[in-house]
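K.L.:
For chain A, the structure is supplied; the task is to place chain B on it using the hints.
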Amino acid sequence: MIPTFIGITILCFLVVHLAPGDPAELMAGGGLAAAGGAGISLQKRGAVDQALAEWRALYGLDKPLHVQYFVWLKNLVRLDLGSSFKDNRSVWEKIRERLPVTLKLEFFSLLLVYAVAIPLGVYSATHRDTFGDYATTVAAFVLFAVPVVWAATMALVFICGGDFLYLFPPGGLTSIDYGREWPLWERINDQTWHLFLPVVLLSYAGFAGLSRYMRSSMLEVLRQDYIQVARAKGLSERIVVFKHAVRNSLIPQVTILAELLPGLIGGSVIIETVFSLPGMGQLGYDAVLARDYPIVLALLTITAVLTLIGILLSDILLAAVDPRIAFGRRSE
Amino acid sequence: MAAKSPAAAAAAPAAGLAPMEVPSGEGQWSAVWKSLRHNGLALVGLYTILFLFTVAAGADFLANNKPYYMIYQGRSYFPLVRSGLVRFGLAKWQPELLNMDFKTVNAERKIFPPIPHLATDIDLRAPFETPSPQHWLGTDKLGRDVLAGLIHGSRISLSIGFVAVGIALVVGVVLGALAGYFGSWVDLLISRIFEVMLTVPTFFLLIAIAAMFPPSIFLTMAIIGLTSWVGMARFTRSEFLRIRGLDYVTAALALGVSTRKIMFRHILPNALAPVLVSVVLGVAGAILTESSLSFLGIGVPLEAVTWGSILNEARSATFAWWLAVFPGAAIFITVLAYYLLGEGLRDALDPRLKGTR
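Order-wise, the sequence lines are chains A and B.
According to my numbering, the stretch in the first sequence is residues 2 to 333, in order.
According to my numbering, the stretch in the second sequence is residues 85 to 441, in order.
Pulled out of the complex, with its shape left as it was, chain A reads as follows:
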């Protein structure tokens, strides 16, 4: 855990700090940088340079890289993520603002992924080699190959009020005239209407992929002897499938949970950009463009650490639901 954590911090720090481009110049705005080049008097130019140098000193950017790294790491361990270059607000505060949107998106898409994938996988496996099985397998395979950027753009063009249908809003979290005074039902309705498309777009690849996993893991379980025994002792097919088979075939799906975590910001950048949703993905993307190092670093490390915890949790969970797996032996 610890070496991996150190590795993560070194990688993230180096990537961000070795990139060319000076945040000071960007912060100073196009104005100063442009003025520096555009023949202003030597005296003023000196003042510009001095301002930039002071700014760098303020954020410790004038120190050697390894010193900066250790300062940052020390603060990180104390959970101090620093403050944004852009508006000097604490990074925590900015993340806290954006978190609910992303959490909402992720929560509902995760729910949708499992709610669709598990029944589909079970259906496919229990109706093996029937038309229904082929149809769902092919549909899942094709759906998995649909690029998110394409699906999102197609939705925007055809069903979000362009020249074609207006089934869903083209972006945002709520309607413009949305207000606290709306009745509860209408507020929920409006939010659902806005969230529906982003959630579906975030999750379709997930449920397409997971349903195939579910199918194969279900098929594997159905081949086991104890299923034969259950059938032989006269249990109804319904009980065999839902009580004996499904539970065991769910075990491998637990590990997928950890793999879904990195999507917390990465995966939603595209959707949040296309549908202008003020979530973590958008925060990260804007921070990258503005070279707001503290925010970029914070998002990278937080997501990595969350994933690390996710992997650990799913290992523990796996051992908890499946006594055959012992600790100290990682399942590959």
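Calculated from the structure, these hints are not laboratory results.
Model, not experiment: these values are computed from the prediction.
Each residue gets a CB set at the ideal place from its N, CA and C atoms; glycine is no exception.
It is possible that part of the hints are untrue.
Claimed, not checked - A short, non-exhaustive set of chain B residues, derived as facing chain A with CB atoms under 7 Å: (1) Arg-276; (2) Thr-283; (3) Phe-297; (4) Pro-299; (5) Leu-303; (6) Thr-402; (7) Phe-416; (8) Val-419; (9) Tyr-423.
P.N.:
The following block gives chain B in isolation, referenced to the frame of chain A:
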């Protein structure tokens, strides 16, 4: 599936023994091809990929603003071929053709390629044209032909897919081989690197690098490659772990074959099969990633026309449905083709899996 062991084949004649009984005739790869040949969907994928490669290779002859052949003032010219020669410094333009606009010039005879536009031909008089005989798939906001953009964009997509996966393959196989062969602390160290790469949010890292560095196709290839090798490395590692314990490796060790030779001549060829599937799927992944990056307007230089960048234009011009439908379909078909081939290969390489997926 008994792979012919190279060590056995090489050692037996050298030692002057009667050749060992190797299952005669077919090696692993011909068995794979046999299985693949009967897999219709995988073949569809394979042929689609070959078609895409033909299009990418012949892009200049399919979509170009210079005619194949032209009779101008009584003399015949081959402007397209010559432009190619000029680009490589093998010829110079004839003075009368210099700066000529071939589309409007009044020549006796002009034979153009099927799509008489380059991807970068700007025509500000024809922005956002709907698909028509002049522009089969319409034009974008600068009047650039979408079909020409797709044809020339296929080069960027396919080359990024291949180079990125090539980089990933080299890094992944080397690290995986070292970890699997040497074990102990080497394995421990390399496995920590795997963990770091698995936990860091790769796509966001890519966005960060691509947006902070100056846009470049090579950088995009490199960073996609350097962030996508973990899968291949893990496969290679477990294969090396498995094969290292086999008798023929012990035999090679006993014969005093050098470590490097054992790793790369004797183990690697037998370890590559499972990696191959992730290579094919990796190409699809790299193409997807590249198109997502150019969709966000980062990575590949802005003036380059890629599938993702055409798709991106549809976001701000939602009436221009052709800008959304066609480039996205191109990405989709390419990715689907690689998935089909990858799936077919997986079945061919491991018959036990057939029907379970």
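K.L.:
The structure should be examined with respect to each hint, and the outcome stated for every one.
P.N.:
Verification of the supplied hints:
{"no.": "1", "hint": "Arg-276", "verdict": "holds, 5 Å"}
{"no.": "2", "hint": "Thr-283", "verdict": "holds, 4 Å"}
{"no.": "3", "hint": "Phe-297", "verdict": "holds, 6 Å"}
{"no.": "4", "hint": "Pro-299", "verdict": "violated, 12 Å"}
{"no.": "5", "hint": "Leu-303", "verdict": "violated, 11 Å"}
{"no.": "6", "hint": "Thr-402", "verdict": "holds, 3 Å"}
{"no.": "7", "hint": "Phe-416", "verdict": "holds, 6 Å"}
{"no.": "8", "hint": "Val-419", "verdict": "holds, 5 Å"}
{"no.": "9", "hint": "Tyr-423", "verdict": "holds, 5 Å"}
Going down the numbered hints, you'll see the structure goes against 4 and 5, while the others check out.
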